[in-house]
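Student: The chain contents come next:
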Amino acid sequence: EPEVTQTPSHQVTQMGQEVILRCVPISNHLYFYWYRQILGQKVEFLVSFYNNEISEKSEIFDDQFSVERPDGSNFTLKIRSTKLEDSAMYFCASSSVLNTEAFFGQGTRLTVV
Amino acid sequence: AQSVTQLGSHVSVSEGALVLLRCNYSSSYSPSLFWYVQHPNKGLQLLLKYTSAATLVKGINGFEAEFKKSETSFHLTKPSAHMSDAAEYFCAVSASSYGGATNKLIFGTGTLLAVQP
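These protein sequences, in sequence, are chains A and B. First residue of the first sequence: 61, per the working numbering; consecutive thereafter. First residue of the second sequence: 2, per the working numbering; consecutive thereafter.
One thing to keep in mind: the hints can contain errors.
To be verified - Derived lysine to any residue pairs resembling SDA-like cross-links, with alpha carbons at most 25 Å apart: (1) 102/A with 74/B; (2) 43/B with 161/A; (3) 102/A with 40/B; (4) 43/B with 120/A; (5) 59/B with 62/A; (6) 102/A with 61/B; (7) 102/A with 17/B; (8) 59/B with 120/A; (9) 43/B with 89/A; (10) 43/B with 171/A; (11) 102/A with 130/A; (12) 43/B with 64/B; (13) 69/B with 52/B; (14) 102/A with 14/B; (15) 102/A with 62/B; (16) 117/A with 28/B; (17) 59/B with 136/A; (18) 43/B with 99/A; (19) 43/B with 169/A; (20) 69/B with 76/A; (21) 69/B with 20/B; (22) 59/B with 16/B; (23) 43/B with 123/A; (24) 117/A with 29/B; (25) 138/A with 61/A; (26) 102/A with 23/B; (27) 102/A with 13/B; (28) 117/A with 27/B; (29) 43/B with 111/A; (30) 102/A with 9/B; (31) 59/B with 157/A.
No wet-lab data here; the hints were simulated from the structure. These numbers were taken from a predicted model, which means no experiment stands behind them.
Taking the hints into account, I'd like the entire structure generated from these sequences.
Tutor: The following block contains the structure:
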């Protein structure tokens, strides 16, 4: 069964460092998303990406964040200068068309120290 | 604006008992609704979805949910709880704007289900 894969599963970084979280969406999907879940809180939308551009972003997704689809398979989230409050589980998701279910990856747990 | 409210952050049932997890939504448009489950240290797995077809939706692992527009509810049920059902459950509404090219999900705060032997 096709699945969304994320790497790494856990990343520890120092405050101020740049991190790149990687995702391989399901191959025939067209819509890509990043969500995050701070420990003990709900899952929050960060950004959606379609047709090689951001289609929507939340207020959380400030200038420190960027997304890229560098080739036909990967979808990355970059945090330019990490802060302690960026510590969270980051989920990548993809969907084939609008109003169908999003398939989520296993998540990357980012710990900023 | 779309939103989801899950009543009860913690629900505890006995093994074999009925599971009822409540979800109410607010949506400007005809909504698509989803239930996801998250086992400890795992990702989000889709249990079931409602996308304007049958109002009673059956999902995986014996779960089902009924869309009630008059009550703006989409409660999740399972007739008989199993120990493996212990997990966190999230209700979500699709927040795609009419004619828009996004399909973001708005999640509820989650309900942690404990199953007692």
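Student: Now tell me if each hint is right for this structure.
Tutor: Structure-based check of all given hints:
This hinted pair checks out: residue 102/A and residue 74/B have alpha carbons roughly 19 Å apart, not beyond 25 Å. A threshold of 25 Å between alpha carbons decides the hint, and for residue 43/B with residue 161/A the separation of about 18 Å falls inside it, so the pair holds. Between the alpha carbons of residue 102/A and residue 40/B the distance comes to roughly 14 Å, so the proposed pair stays at or under 25 Å and holds. This hinted pair checks out: residue 43/B and residue 120/A have alpha carbons roughly 23 Å apart, not beyond 25 Å.
Restraint check for residue 59/B and residue 62/A: satisfied, since their Cα atoms lie roughly 22 Å apart, inside the 25 Å limit. Between the alpha carbons of residue 102/A and residue 61/B the distance comes to roughly 23 Å, so the proposed pair stays at or under 25 Å and holds. For the proposed pair residue 102/A and residue 17/B, the alpha carbon gap of about 28 Å is over 25 Å, so the pair is violated. Taking the CA atoms of residue 59/B and residue 120/A, the gap is near 34 Å; set against the 25 Å cutoff, the hint is violated.
This hinted pair checks out: residue 43/B and residue 89/A have alpha carbons roughly 22 Å apart, not beyond 25 Å. This hinted pair checks out: residue 43/B and residue 171/A have alpha carbons roughly 17 Å apart, not beyond 25 Å. About 29 Å separates the Cα atoms of residue 102/A and residue 130/A, which puts this hinted pair outside 25 Å; it is violated. Of the pairs offered as hints, the one joining residue 43/B and residue 64/B holds, with about 19 Å between alpha carbons and a cut-off of 25 Å not exceeded.
Our distance criterion of 25 Å between C-alpha atoms is met by residue 69/B and residue 52/B, whose separation comes to about 13 Å. Restraint check for residue 102/A and residue 14/B: the C-alpha separation of about 23 Å stays at or below 25 Å, so the hint holds. Our distance criterion of 25 Å between C-alpha atoms is met by residue 102/A and residue 62/B, whose separation comes to about 23 Å. Restraint check: the Cα-Cα separation between residue 117/A and residue 28/B comes to about 19 Å, which is no more than 25 Å; the hinted pair holds.
A threshold of 25 Å between alpha carbons decides the hint, and for residue 59/B with residue 136/A the separation of about 34 Å lies outside it, so the pair is violated. This hinted pair checks out: residue 43/B and residue 99/A have alpha carbons roughly 13 Å apart, not beyond 25 Å. Of the supplied pair hints, the one linking residue 43/B and residue 169/A holds, its CA atoms being roughly 11 Å apart against a limit of 25 Å. Proximity of residue 69/B to residue 76/A is assessed by CA-CA distance (about 48 Å); at most 25 Å being required, the pair is judged violated.
In summary, the hint linking residue 69/B to residue 20/B is supported, as the alpha carbons are separated by about 18 Å, within the 25 Å threshold. For the suggested pair residue 59/B and residue 16/B, the alpha carbons sit about 21 Å apart, so the restraint of at most 25 Å is met. Note on residue 43/B and residue 123/A: the hinted pairing is violated, with a Cα-Cα distance of about 29 Å set against a maximum of 25 Å. Under the criterion of a C-alpha separation no larger than 25 Å, the hint pairing residue 117/A with residue 29/B is consistent with the structure, at around 20 Å.
Distance check on the hinted pair: residue 138/A and residue 61/A sit about 28 Å apart at the alpha-carbon level, beyond 25 Å; violated. Distance hint between residue 102/A and residue 23/B is fulfilled; the C-alpha atoms sit about 16 Å from each other, no more than 25 Å. With a CA separation close to 20 Å, the supplied pair residue 102/A and residue 13/B stays within the 25 Å bound. As the CA atoms of residue 117/A and residue 27/B are separated by approximately 21 Å, the hinted pair is consistent with the 25 Å bound.
Pair hint residue 43/B plus residue 111/A does not hold up; C-alpha atoms about 29 Å apart against a cutoff of 25 Å. Proposed proximity of residue 102/A and residue 9/B is supported: the alpha carbons are some 14 Å apart, at most 25 Å. Restraint check for residue 59/B and residue 157/A: satisfied, since their Cα atoms lie roughly 21 Å apart, inside the 25 Å limit.
Consistency with the previously given hints fails for numbers 7, 8, 11, 17, 20, 23, 25, 29, ordered from lowest to highest.
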